[in-house]
Amino acid sequence: MLALAALLVLGLGARPLLAQERSSRAAELFHRYAPRVVKVEVTETGSAAKAELGSGFFVSAHGHVVTNYHVVSQLVQHPERYQASLIEVAGRSFPVHVLAVDVVHDLAVLESDARPVGHFRLTPVAPEHGARLFALGHPHDLGLSIVEGIYNGLLEHSLYPKIHFTGSINPGMSGGPALDEQGRVVGINVSTAGNQVSFLVPVERAAELVSRALAPDYEAPDDFLPVIAGQLRAYQAEYLDGIFADTTQTVTLGRFRLPTQPAPFFKCWADADRDRDLPYQVVYHECSTDDYVYLSGDQSSGIIEMQHELITSTELSPSRFFSLYSEAFSDGDGMPGSDEDVTPFRCETRNVRTRARTYRAVLCVRGYKKLGGLYDAIVKMAALGTRTSGLMSTLRLSGVSFENVQRVTRRYLESFRWADR
Amino acid sequence: MGGPVVVEVLDERGRVQHRVALRELPATIGRGYGNDVILDDPYVCPRHARIVRDADGALAVEDAASVNGLRDERGTRAERLPLRGAGVLRVGHTTLRVREASDPVPPAIADRGTPSRLPARLAPLRVSLGVGIGAFVIFALSAYLSSTMRVSVGDVVREALERSLTLAIWAAAWAVASRIVVHEFRFLRHWAVISAATVVWIVTQVAVGWLSFLYPDSAASTVFDAGSSIVLVGAVVYAHLVLASLLSRPRARRTAAAVTAALLAIALLFSLSSDRDSTSSITFDGALKPWGVRWVHTVSLDEFASGAADLRRQVDQLAGEH
Numbered sequence: 000m001l002a003l004a005a006l007l008v009l010g011l012g013a014r015p016l017l018a019q020e021r022s023s024r025a026a027e028l029f030h031r032y033a034p035r036v037v038k039v040e041v042t043e044t045g046s047a048a049k050a051e052l053g054s055g056f057f058v059s060a061h062g063h064v065v066t067n068y069h070v071v072s073q074l075v076q077h078p079e080r081y082q083a084s085l086i087e088v089a090g091r092s093f094p095v096h097v098l099a100v101d102v103v104h105d106l107a108v109l110e111s112d113a114r115p116v117g118h119f120r121l122t123p124v125a126p127e128h129g130a131r132l133f134a135l136g137h138p139h140d141l142g143l144s145i146v147e148g149i150y151n152g153l154l155e156h157s158l159y160p161k162i163h164f165t166g167s168i169n170p171g172m173s174g175g176p177a178l179d180e181q182g183r184v185v186g187i188n189v190s191t192a193g194n195q196v197s198f199l200v201p202v203e204r205a206a207e208l209v210s211r212a213l214a215p216d217y218e219a220p221d222d223f224l225p226v227i228a229g230q231l232r233a234y235q236a237e238y239l240d241g242i243f244a245d246t247t248q249t250v251t252l253g254r255f256r257l258p259t260q261p262a263p264f265f266k267c268w269a270d271a272d273r274d275r276d277l278p279y280q281v282v283y284h285e286c287s288t289d290d291y292v293y294l295s296g297d298q299s300s301g302i303i304e305m306q307h308e309l310i311t312s313t314e315l316s317p318s319r320f321f322s323l324y325s326e327a328f329s330d331g332d333g334m335p336g337s338d339e340d341v342t343p344f345r346c347e348t349r350n351v352r353t354r355a356r357t358y359r360a361v362l363c364v365r366g367y368k369k370l371g372g373l374y375d376a377i378v379k380m381a382a383l384g385t386r387t388s389g390l391m392s393t394l395r396l397s398g399v400s401f402e403n404v405q406r407v408t409r410r411y412l413e414s415f416r417w418a419d420r
Numbered sequence: 000m001g002g003p004v005v006v007e008v009l010d011e012r013g014r015v016q017h018r019v020a021l022r023e024l025p026a027t028i029g030r031g032y033g034n035d036v037i038l039d040d041p042y043v044c045p046r047h048a049r050i051v052r053d054a055d056g057a058l059a060v061e062d063a064a065s066v067n068g069l070r071d072e073r074g075t076r077a078e079r080l081p082l083r084g085a086g087v088l089r090v091g092h093t094t095l096r097v098r099e100a101s102d103p104v105p106p107a108i109a110d111r112g113t114p115s116r117l118p119a120r121l122a123p124l125r126v127s128l129g130v131g132i133g134a135f136v137i138f139a140l141s142a143y144l145s146s147t148m149r150v151s152v153g154d155v156v157r158e159a160l161e162r163s164l165t166l167a168i169w170a171a172a173w174a175v176a177s178r179i180v181v182h183e184f185r186f187l188r189h190w191a192v193i194s195a196a197t198v199v200w201i202v203t204q205v206a207v208g209w210l211s212f213l214y215p216d217s218a219a220s221t222v223f224d225a226g227s228s229i230v231l232v233g234a235v236v237y238a239h240l241v242l243a244s245l246l247s248r249p250r251a252r253r254t255a256a257a258v259t260a261a262l263l264a265i266a267l268l269f270s271l272s273s274d275r276d277s278t279s280s281i282t283f284d285g286a287l288k289p290w291g292v293r294w295v296h297t298v299s300l301d302e303f304a305s306g307a308a309d310l311r312r313q314v315d316q317l318a319g320e321h
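Heads up: the protein sequence lines correspond to chains W and L, in order. For the first sequence, position 250 (counting from the first letter as 1) is numbered 249 according to numbering that gives the first Met the number 0, and the numbering increases by one without interruption. For the second sequence, position 53 (counting from the first letter as 1) is numbered 52 according to numbering that gives the first Met the number 0, and the numbering increases by one without interruption.
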């Protein structure tokens with residue numbers, strides 16, 4: 000915190016010198032590249048109401064545009080109910096169609112009849128940490144804007160490398176390009192965590208999708224849902240491969256040795272509840288992916304969360320402690336999900352013996368209705384055979400294949416150990 | 000005309016307390032020991048009235064210059080009351096009914112089984128009060144064992160008291176019904192019935208918890224829970240019914256079964272209409288016990304995983320219905 004404050008003061012002090020240079024560079028880039036950036040509007044066919052608004056940019060002379068998948072997700076999911084158009088900075092508007100999507104990296108390629116004067120060529124760029132970047136887009140539909148910020152490297156705790164951009168990306172700028180000082184696309188504006196913490200999809204991902212979509216033998220599918228399901232299945236197969244492997248790190252909670260940091264893209268933290276008014280103490284240890292795959296307004300995928308909870312009491316008798324333990328274990332759980340996208344949960348409850356000990360284990364699963372072969376699962380377990388302490392753990396998986404539900408559940412249950420054995 | 004006459008002394012509910020058969024008329028009514036009908040009522044004079052038969056053979060009661068006089072059914076005072084219809088009159092604070100020996104009585108009610116002995120068994124104060132107090136102790140124990148916070152004796156007693164009082168309100172409702180039908184409140188007995196039933200329910204819930212702890216994969220706990228609840232509801236309705244009515248045992252049993260079936264149907268309808276499977280939330284079966292882990296029915300991880308295949312079939316089917 001101190002280091003951050005110092006940097007800010009230094010930054011402010013250096014301002015008069017840099018300001019002129021900065022503004023002139025931004026003005027130059029804006030002047031030169033604004034015609035290559037477009038506004039993407041998705042409207043509901045019936046009411047002609049604006050449903051989604053984002054940005055995009057030309058990647059070919061034939062009107063091909065790159066944007067975020069989440070900008071056009073409604074059009075992809077309900078092509079019969081929505082239509083989309085792009086609006087050039089000069090004001091001309093063209094209807095667009097989705098040509099290709101990469102739901103994992105939140106990208107889409109659109110085609111239109113627009114014939115832009117210039118377009119971006121997507122090539123891998125490796126800016127230096129601290130390099131200045133300029134994000135272009137339509138924040139809050141206020142007109143095309145340019146935002147200056149800093150390239151802060153790739154995120155560590157994300158499922159795939161995302162660029163950490165320190166600058167204000169606001170709603171409506173999604174899908175717009177972020178350029179380096181030479182005007183090369185470095186990344187695609189995708190999301191923000193507020194307070195200037197914003198994220199870009201690296202340009203390589205977009206380059207891959209564009210080269211695939213513009214290949215001569217490529218044909219856009221009529222229905223993108225099977226394509227999206229396939230992308231998610233391939234993606235989860237990859238990132239779940241090494242999860243809870245034998246080499247997974249462990250953390251000791253009471254008499255238990257438990258898995259932590261199941262994979263590098265997890266963030267873990269711990270907390271304790273030692274209220275003096277309560278006759279028991281709770282220690283938490285949680286890990287979760289920091290990232291997710293946006294599917295629709297109601298549905299996200301690719302989120303994994305794990306929570307260990309150690310409850311101990313020196314005051315309660317075993318009977319009373321187990322009233323508490325049972326109550327804590329019966330606490331409901333869930334995941335957001337609408338009737339349209341997912342089935343209700345189905346659960347199996349068993350006492351499971353592993354080589355280490357016996358657990359009460361519940362596995363609950365729901366299926367995706369539109370994206371075949373994908374499931375959400377919640378595994379909850381409680382260690383049995385204790386008197387006045389108890390360990391509960393919950394694992395939540397979303398958007399995974401059933402094989403992975405079984406495999407990961409198994410590995411997860413196997414990874415619990417007694418600390419003294 | 001001129002046969003024997005029967006004087007019946009009625010209580011305030013209209014039930015006969017005792018009868019005096021009079022072979023000859025006129026006969027005297029009063030508090031004094033020399034009367035034919037002796038009334039133990041301070042508002043009655045030592046010699047209060049006379050029952051006479053007039054020349055036509057009709058019965059009448061004449062005031063013998065008493066302090067409080069004679070009153071007919073409606074409370075109108077009269078020197079002489081001809082006895083017609085029900086033949087009811089008031090002397091002091093006592094209600095009398097005068098009947099001719101030849102007056103008809105309704106035929107006997109056919110006996111369809113004997114009434115339950117439960118009202119009699121619960122009648123002694125020590126029985127009904129004992130059951131209620133015993134239940135109170137169990138409520139306190141159950142409140143203590145299920146408390147997960149620091150509790151004082153006062154907290155536990157308060158919780159048990161709340162439960163006992165709630166049951167007392169239920170018992171009071173049945174007591175009112177009893178008062179209407181069998182002219183007795185029987186409050187303590189109704190309270191004993193519902194208290195005992197609540198204790199049985201607590202015990203069955205403990206058993207259900209143990210079943211689901213030991214055999215989470217079998218339907219045993221669910222079946223036992225549902226079965227014991229139905230039987231318990233039936234038993235409670237039966238017990239309240241026999242306390243609040245004069246129904247014979249078979250009829251009370253049939254009525255209790257019908258009421259239970261109706262309640263069950265309502266419960267089923269309710270659960271069917273509200274049982275919309277949630278796509279976003281789940282609950283867990285959390286019956287965990289600190290003892291007996293060596294007797295729990297366990298499965299291996301392999302069996303657990305193969306059970307998951309069944310879940311897949313279920314959700315795939317749900318997804319297919321879409």
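Keep in mind that the hints were calculated from the coordinates and are not lab data. Just so it is clear, CB atoms sit at the ideal spot from N, CA and C, and this is done for glycine as well. Accuracy of the hints is not assured; some may be wrong.
Derived CB-CB ranges, DEER-like [stated by the list, open to error]: (1) W/R211 to L/D309: 54 to 62 Å; (2) L/G306 to W/P263: 50 to 58 Å; (3) W/E326 to L/R248: 37 to 45 Å; (4) L/F269 to W/D297: 48 to 56 Å; (5) L/L267 to W/T246: 30 to 38 Å; (6) L/L124 to W/R275: 19 to 27 Å; (7) L/W294 to W/R211: 55 to 63 Å; (8) L/D309 to W/P225: 24 to 32 Å; (9) L/G306 to W/D276: 20 to 28 Å; (10) L/V152 to W/R254: 47 to 55 Å; (11) L/V230 to W/D221: 57 to 65 Å; (12) L/V199 to W/P263: 52 to 60 Å; (13) W/D289 to L/G306: 27 to 35 Å.
Range first: 57 to 65 Å. Now tell me if the beta carbons of L/V230 and W/D221 are that far apart.
Since L/V230 and W/D221 have Cβ atoms about 60 Å apart, the given range 57 to 65 Å holds.
Falls inside 50 to 58 Å, the C-beta gap from L/G306 to W/P263?
32 Å, violated
Confirm or reject the claim that L/W294 and W/R211 have a C-beta distance inside 55 to 63 Å.
60 Å, holds
Does the Cβ distance between L/D309 and W/P225 fall inside 24 to 32 Å?
Given about 26 Å between the Cβ atoms, the range holds.
Just to be sure I understand the hint, the distance between the Cβ atoms of W/R211 and L/D309 should be within 54 to 62 Å; is that true here?
For W/R211 and L/D309 the Cβ distance comes to about 39 Å; the hint is violated.
Taking the CB of L/G306 and the CB of W/D276, does the distance hold inside 20 to 28 Å?
41 Å, violated
Consistency of beta-carbon spacing, W/D297 to L/F269, with hint 48 to 56 Å
29 Å, violated
W/E326 versus L/R248 beta-carbon gap, inside 37 to 45 Å or not
Taking Cβ atoms as reference, W/E326 and L/R248 lie about 43 Å apart, which means the hint holds.
Between L/V152 and W/R254, does the C-beta distance stay in 47 to 55 Å?
Since the Cβ atoms of L/V152 and W/R254 sit about 34 Å apart, the hinted range of 47 to 55 Å is violated.
For L/V199 and W/P263, compare the CB-CB distance with the range 52 to 60 Å and indicate the outcome.
57 Å, holds
With respect to the beta-carbon atoms only, verify the hint that L/L267 and W/T246 lie 30 to 38 Å apart.
For W/T246 against L/L267, whose Cβ atoms are near 53 Å apart, the range 30 to 38 Å is violated.
With respect to the beta-carbon atoms only, verify the hint that L/L124 and W/R275 lie 19 to 27 Å apart.
48 Å, violated
Hints 1, 2, 4, 5, 6, 9, 10 from the list above are not met by this structure, while the remaining hints are.
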